[in-house]
Structure formats: structure tokens, C-alpha cells
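My numbering runs 5 ahead of the 1-based position in the sequence shown.
Hint data in this document are derived by calculation from the structure and do not stem from the laboratory. Keep in mind that the hints are not guaranteed to be accurate.
What the hints assert, rightly or not - Restraint-style ranges between C-beta atoms, simulated for each label pair:
#, residue 1, residue 2, range
1, A128, T67, 30 to 40 Å
2, F140, E112, 16 to 26 Å
3, G111, I162, 35 to 45 Å
4, R100, K160, 32 to 42 Å
5, Y107, R44, 17 to 27 Å
6, R139, W159, 16 to 26 Å
7, N104, Y156, 19 to 29 Å
To be verified - SDA-like mimics (lysine to any residue), calculated; alpha carbons at most 20 Å apart, straight line:
#, residue 1, residue 2
8, K160, W61
9, K160, R44
10, K160, L53
11, K160, T46
12, K160, L63
13, K160, T67
14, K160, G59
15, K160, P54
16, K160, D55
17, K160, A48
18, K160, D87
19, K160, P58
From the three backbone atoms N, C-alpha and C, an ideal C-beta is built for every residue, glycine too.
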Amino acid sequence: MTSDAGSTGTQAAVDPVADPGGGREVQRTLRERLRGPWRVTVAEGSMLPDIAPGDWLLIDPTTRRWPRPGSVVVFREPVTDDLAIKRVRARGGERVPFNGGYIALGEGEAWLEADATPAIAAAAGYGPPIDSDRFGPVPVDLLVGRVWFRYGPWKRIGRIGRIGPPTTP
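Let the hints inform the model, and build the full structure from the sequences given.
Next up, the structure:
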């Protein structure tokens, strides 16, 4: 995924705030969130068929917590720091199936999944999607924003909706 918002090379102020659960949550300032990226171009096929390579997306960067399950988000991958796009499967306090069991997500974490199956991605010429099944829960401080609108190509313009959350035990 590429962004058309430039990087200034400066670091924004980060305010650590104690959360009621006794842990620490890092909240970014509104200024840091608004500086971008808020427009992205999709470069890979992990969200096929709903979001395709070449789609131009608008991002709401003011989101300060994980959106509801079913929402599409842009985040920084935990290992590479690259921008990626996935769907929120579960948020903090929920459990998700993993390796034959379940994993409970901590507050400020989300489980993100690709829409495309490995077969769909391979048919489109891409490798298997990389999501939380590979890198685990994603902390909220890696959230860039919620995808809300596709503004191109012309034949695909429209809102990016939320898909109802799957049931979790």
C-alpha cells in the first residue's frame, strides 16, 4: 500500500496516559493523526474482492481506538512498519480462535484478518495474505485510521461499509 501524504521526518509528541485497567495506553495527539496518511492506494490483493489493487481509499485518521469488528482499517505492520489494510475481527476483551484453541485479546489490541483466502490471493497473482494469524494481536498505537470511502477508480467509487462481526465464543 502506498500513501500520497509526505513524511516530514519529525516525530510528533506522544502523551502516555494511564488507563483504568492499570496498564499504559499511548494516545497520539490529534495533530499527529491529522498529518497523514489520509489517502492511500491499495497495492496488494489481501482484501479481494471488496478492496482491490489500484483502489484509492480515504482514511479517517481521527480514530483513537480500534473500530468495531467488521470495519476496515489501515495500520502499520508490527514487524516491517509498512502500511497495510485489514478487517477488524475482534477487539480487546474478546477471544478469537487460534491454533486449535483461543487467544484472549488485551485492552488496546485487535485481531486483524484479510478478506482474501490464500486461493483468491494466489489466483490474483499474490502470495498468501499476512494478517494476525501470522503476527498476532496488533496494538492500537499501530492504527493509522478507519477506511471509509473509495474514491477511485470511477467504476468502484463508494462507501466502504462494515461487515457484521463473526460470532466469537
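Review point. Checking against the hints above, which ones are violated?
Key: As far as the earlier hints go, 5, 6, 7, 13, 18 are violated by this structure, in ascending order.
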